[in-house]
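Asks: In the order they appear, the protein sequences are chains A and B. Under UniProt numbering, the first residue of the first sequence carries the number 1, and numbering increases by one thereafter. Under UniProt numbering, the first residue of the second sequence carries the number 1, and numbering increases by one thereafter.
Simulated from the structure, these hints should not be mistaken for lab results. One or more hints might be untrue.
Remember, identical chains collapse to one label, so a pair may be satisfied in a single copy or spanning two.
Unchecked claim - Each computed DSS-like pair below joins lysine-lysine, with the alpha-carbon atoms no more than 30 angstroms apart:
no., residue 1, residue 2
1, Lys10, Lys265
2, Lys57, Lys315
3, Lys33, Lys330
4, Lys276, Lys175
5, Lys57, Lys33
6, Lys315, Lys381
7, Lys276, Lys12
8, Lys57, Lys381
9, Lys46, Lys57
10, Lys278, Lys12
11, Lys121, Lys10
12, Lys12, Lys265
13, Lys10, Lys276
14, Lys33, Lys195
15, Lys10, Lys33
16, Lys121, Lys12
Protein chains: 2
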Amino acid sequence: MISINSNYQKLKANYLFPAINERVRNFVDTQPKADIIRLGIGDVTKPLPAACRSAMKAAIDEMGTVEGFHGYGPEQGYGWLRETIAYHDFQSRGCDISSDEIFISDGSKCDCSNMLDILSKNNSIAVTDPVYPVYVDSNVMAGHTGDISSEGYYEGLTYLPITADNNFIASLPKKKIDIIYLCFPNNPTGAIATKSHLEEWVNYALKHGSLILFDAAYEAFIQNPDLPHSIFEINGAQQCAIEFRSFSKTAGFTGTRCAFSVIPKDITGINHEGNKVKIWDLWMRRQSTKFNGVSYIVQRGAEAIYSAEGQKEIKQLINFYMTNAAIIYKELEKVGFNIYGGQHAPYVWVKNPVGQTSWDFFDHLLKQANVVGTPGSGFGKAGEGYLRLSAFNSRINVETAMNRITSMY
Amino acid sequence: MISINSNYQKLKANYLFPAINERVRNFVDTQPKADIIRLGIGDVTKPLPAACRSAMKAAIDEMGTVEGFHGYGPEQGYGWLRETIAYHDFQSRGCDISSDEIFISDGSKCDCSNMLDILSKNNSIAVTDPVYPVYVDSNVMAGHTGDISSEGYYEGLTYLPITADNNFIASLPKKKIDIIYLCFPNNPTGAIATKSHLEEWVNYALKHGSLILFDAAYEAFIQNPDLPHSIFEINGAQQCAIEFRSFSKTAGFTGTRCAFSVIPKDITGINHEGNKVKIWDLWMRRQSTKFNGVSYIVQRGAEAIYSAEGQKEIKQLINFYMTNAAIIYKELEKVGFNIYGGQHAPYVWVKNPVGQTSWDFFDHLLKQANVVGTPGSGFGKAGEGYLRLSAFNSRINVETAMNRITSMY
Numbered sequence: 001m002i003s004i005n006s007n008y009q010k011l012k013a014n015y016l017f018p019a020i021n022e023r024v025r026n027f028v029d030t031q032p033k034a035d036i037i038r039l040g041i042g043d044v045t046k047p048l049p050a051a052c053r054s055a056m057k058a059a060i061d062e063m064g065t066v067e068g069f070h071g072y073g074p075e076q077g078y079g080w081l082r083e084t085i086a087y088h089d090f091q092s093r094g095c096d097i098s099s100d101e102i103f104i105s106d107g108s109k110c111d112c113s114n115m116l117d118i119l120s121k122n123n124s125i126a127v128t129d130p131v132y133p134v135y136v137d138s139n140v141m142a143g144h145t146g147d148i149s150s151e152g153y154y155e156g157l158t159y160l161p162i163t164a165d166n167n168f169i170a171s172l173p174k175k176k177i178d179i180i181y182l183c184f185p186n187n188p189t190g191a192i193a194t195k196s197h198l199e200e201w202v203n204y205a206l207k208h209g210s211l212i213l214f215d216a217a218y219e220a221f222i223q224n225p226d227l228p229h230s231i232f233e234i235n236g237a238q239q240c241a242i243e244f245r246s247f248s249k250t251a252g253f254t255g256t257r258c259a260f261s262v263i264p265k266d267i268t269g270i271n272h273e274g275n276k277v278k279i280w281d282l283w284m285r286r287q288s289t290k291f292n293g294v295s296y297i298v299q300r301g302a303e304a305i306y307s308a309e310g311q312k313e314i315k316q317l318i319n320f321y322m323t324n325a326a327i328i329y330k331e332l333e334k335v336g337f338n339i340y341g342g343q344h345a346p347y348v349w350v351k352n353p354v355g356q357t358s359w360d361f362f363d364h365l366l367k368q369a370n371v372v373g374t375p376g377s378g379f380g381k382a383g384e385g386y387l388r389l390s391a392f393n394s395r396i397n398v399e400t401a402m403n404r405i406t407s408m409y
Numbered sequence: 001m002i003s004i005n006s007n008y009q010k011l012k013a014n015y016l017f018p019a020i021n022e023r024v025r026n027f028v029d030t031q032p033k034a035d036i037i038r039l040g041i042g043d044v045t046k047p048l049p050a051a052c053r054s055a056m057k058a059a060i061d062e063m064g065t066v067e068g069f070h071g072y073g074p075e076q077g078y079g080w081l082r083e084t085i086a087y088h089d090f091q092s093r094g095c096d097i098s099s100d101e102i103f104i105s106d107g108s109k110c111d112c113s114n115m116l117d118i119l120s121k122n123n124s125i126a127v128t129d130p131v132y133p134v135y136v137d138s139n140v141m142a143g144h145t146g147d148i149s150s151e152g153y154y155e156g157l158t159y160l161p162i163t164a165d166n167n168f169i170a171s172l173p174k175k176k177i178d179i180i181y182l183c184f185p186n187n188p189t190g191a192i193a194t195k196s197h198l199e200e201w202v203n204y205a206l207k208h209g210s211l212i213l214f215d216a217a218y219e220a221f222i223q224n225p226d227l228p229h230s231i232f233e234i235n236g237a238q239q240c241a242i243e244f245r246s247f248s249k250t251a252g253f254t255g256t257r258c259a260f261s262v263i264p265k266d267i268t269g270i271n272h273e274g275n276k277v278k279i280w281d282l283w284m285r286r287q288s289t290k291f292n293g294v295s296y297i298v299q300r301g302a303e304a305i306y307s308a309e310g311q312k313e314i315k316q317l318i319n320f321y322m323t324n325a326a327i328i329y330k331e332l333e334k335v336g337f338n339i340y341g342g343q344h345a346p347y348v349w350v351k352n353p354v355g356q357t358s359w360d361f362f363d364h365l366l367k368q369a370n371v372v373g374t375p376g377s378g379f380g381k382a383g384e385g386y387l388r389l390s391a392f393n394s395r396i397n398v399e400t401a402m403n404r405i406t407s408m409y
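Just chain A, same shape as in the assembly (with noise of 0.2 angstroms):
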């Protein structure tokens, strides 16, 4: 009999959302009339941009022509969709990013977990504790850790915790690492990174010759002009991260699925023979081999994003949902929660001061005012009594959510 990958026998039984969602249809079977409000998963719920409709319909248009027809589209995603984001997302901030360190997905789930494939198990690794689930499974799935711990930690994963304490700054690790996750502004946190802490990162990494895993999905939300919106808004940052962007909170594309690595030429990793390889070689061959490029029409409404229009859309889709943020934080505030996050990122951490577990926490909410969170705990043990409350709903949801839960207390 064939053998498979023993390593995902060490995942734990479910992933977060799953769970929720089962709890919140067992709460459903008993109470069918509940009018349930969901701030869990981090989906948005307004409609695509119509710069990105028009502008896929046309390219439907196209497809329907033979002179417009598209067949299979470079690997690392078109030349004129990976001009416009190496200008406007990278050069016109100062950052020296071209066209060819862009590769066009289909996700940053994807890309962050594919990262993987090219770089050895023999690497350290860091991520924050809480963290993105993603970063730690992949790397479970990879067999790049030892088993999970009591505790629910896994062997051989540096955790680096990120609490009120730290202001959700997760301070240098004492030891050499390897290869570091950053996410900011953060998920699940929503804290934001200034410039000088995103420094202390790169000239860690450049010291101790890491890579930087830099995920940036949220970047959009960032309100303070002075803001790192780029780890590449850093010197040496070149020498030393791999960025993550995504359309899907941006732009509302989570059904439609864009976003981009950004890998600079300039990385180099060692071989087992200690020679030194260029990390855009080993992902561009990856891609080439096991990818063939994002549909011709998503890459287009993607463009579409940077037009005039697009940007005056996505500006008010962010400060929609970012006025939805506020909300949550004022109102959660004046019932004595402590609330963190939410001025750069449409997510709120919220800790409930009577010391509740965060399932205990999320049951709380679901039963008494039928609010659906995502329990802290489920990003990792240092997110234990927290619950990530999300902005990606409509206002009635979140004033309705808001009073609801204000009222119980």
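Got chain A sorted already, so can you dock chain B onto it with the hints?
Replies: Below, chain B without anything else, positioned relative to chain A:
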């Protein structure tokens, strides 16, 4: 410094199609006025069916409303598409495949290479020679092989020759093999399997506890209703086979991106402790963690392939390409080439009777007829001397290419 996956360094320097493109580019540099006709890469050329375009536009309109907006979909694909596929492609042909055994993806190349994620390195693997390069390269990258020999064979892989001598049908391996890649209608040879041939493989797999990875990306090109379209038309295949299907060639989706895998719930492998584990569970976990599903818009386009209008259109598309294949077959036969395939596949597999190597044959046709084929040796050593010609082009281009070639001989 971080260490990389050194298995990538075992790969041959160039993937086949980039190598072809480079030769064509070099030729065009010297002959800028040459009217190149590309019968090389298997990429479709006809417009996307109207049924698919209408469905995708309607989906875009939906996405423009609050009520019709779709965010994250199920990672395995929407139920309505999986049910349509299960009924139309399997149940209606007597295969007992249910909708939850279908996993929608963005490409068969992704699926067949990502499938290795859930398997261990301890399986013995067989591929045909010649073979679609992705099966081999993805195994090399995953560390499932040793180094490449001077003859182009990777240590640790079992190669099953398919040549004119065995009518391009591989003999069963004499030893036990765990994982066997089969592709029918075959890329690159255009060969087709009868039911009795597939029965031999299924019996072999059941006897040895093997897994067949069955690539049926070209099943829509089968012309004879008695030939099997799916491995699941064979009794017992549900215990030993996974099937890959794609809309790329069927409905011109190479640039639109939608495909699917069929993973029966009965298939198991063993873990490091010798316990049985369902392959379906592993793939579901892999997709949930590392993939976010296919664009809602594209899934609606794929669904429309199965509508009455869609079916009519794709029959026309396939007839058009198969008429091209028949022209290539007939014209080259006239001038004394040995011709195979092209009856149930969009590929014609041509042997030059004067005994040129594949790359010499390629260069000869490029320079003398300005026609681009794909060198058979690029698919494996047993493909030496052959050229693959694709039927995916306009009628006038196919006719012109054949006129140019036949006038050379």
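Asks: Please go over all the hints and tell whether each is borne out by the structure.
Replies: Against the structure, the hints come out as follows:
In this assembly of identical chains, Lys10 and Lys265 lie within 30 angstroms of each other by CA distance solely across copies; the values are 21 angstroms between and 35 angstroms within a copy. In this homomeric assembly, Lys57 and Lys315 come within 30 angstroms of each other (Cα to Cα) both inside a single copy, at 22 angstroms, and across copies, at 25 angstroms. For the identical chains of this complex, Lys33 and Lys330 are intra-copy neighbours only, at 29 angstroms inside a copy versus 69 angstroms across copies, given an alpha-carbon limit of 30 angstroms. Taking the shortest Cα distances, Lys276 and Lys175 sit within 30 angstroms of each other inside one copy (23 angstroms), while across copies they are farther apart (40 angstroms).
For the homomeric pair Lys57 and Lys33, neither the shortest alpha-carbon distance inside one copy (39 angstroms) nor that between copies (35 angstroms) is at most 30 angstroms. In this assembly of identical chains, the alpha carbons of Lys315 and Lys381 never lie at most 30 angstroms apart, being 35 angstroms within a copy and 56 angstroms across copies at closest. Taking CA atoms no more than 30 angstroms apart as the test, Lys276 paired with Lys12 passes between copies only; the shortest distance there is 18 angstroms, against 36 angstroms inside one copy. Taking CA atoms no more than 30 angstroms apart as the test, Lys57 paired with Lys381 passes in neither setting, with 46 angstroms inside one copy and 45 angstroms between copies.
In this assembly of identical chains, Lys46 and Lys57 lie within 30 angstroms of each other by CA distance both inside one copy and across copies; the values are 19 angstroms within and 18 angstroms between. For the homomeric pair Lys278 and Lys12, the shortest alpha-carbon distance between copies (17 angstroms) is at most 30 angstroms, but the shortest distance inside one copy (34 angstroms) is not. Both within a single protomer and between protomers do Lys121 and Lys10 lie at most 30 angstroms apart by alpha-carbon distance, with minima of 16 angstroms and 17 angstroms respectively. In this assembly of identical chains, the alpha carbons of Lys12 and Lys265 lie at most 30 angstroms apart only when taken from different copies (21 angstroms versus 36 angstroms within one copy).
Within a single copy, Lys10 and Lys276 get their C-alpha atoms only as close as 33 angstroms, which misses the 30 angstroms cut-off; across copies the closest is 15 angstroms, which meets it. Taking the shortest Cα distances, Lys33 and Lys195 never come within 30 angstroms of each other, neither inside one copy (49 angstroms) nor across copies (54 angstroms). Proximity of Lys10 to Lys33 under the C-alpha cut-off of 30 angstroms is found in neither arrangement, the shortest distances being 39 angstroms within a copy and 60 angstroms between copies. Taking the shortest alpha-carbon separations for Lys121 and Lys12, both the intra-copy value of 21 angstroms and the inter-copy value of 23 angstroms come in at or below 30 angstroms.
Violated hints for the displayed structure, listed by number in ascending order: 5, 6, 8, 14, 15.
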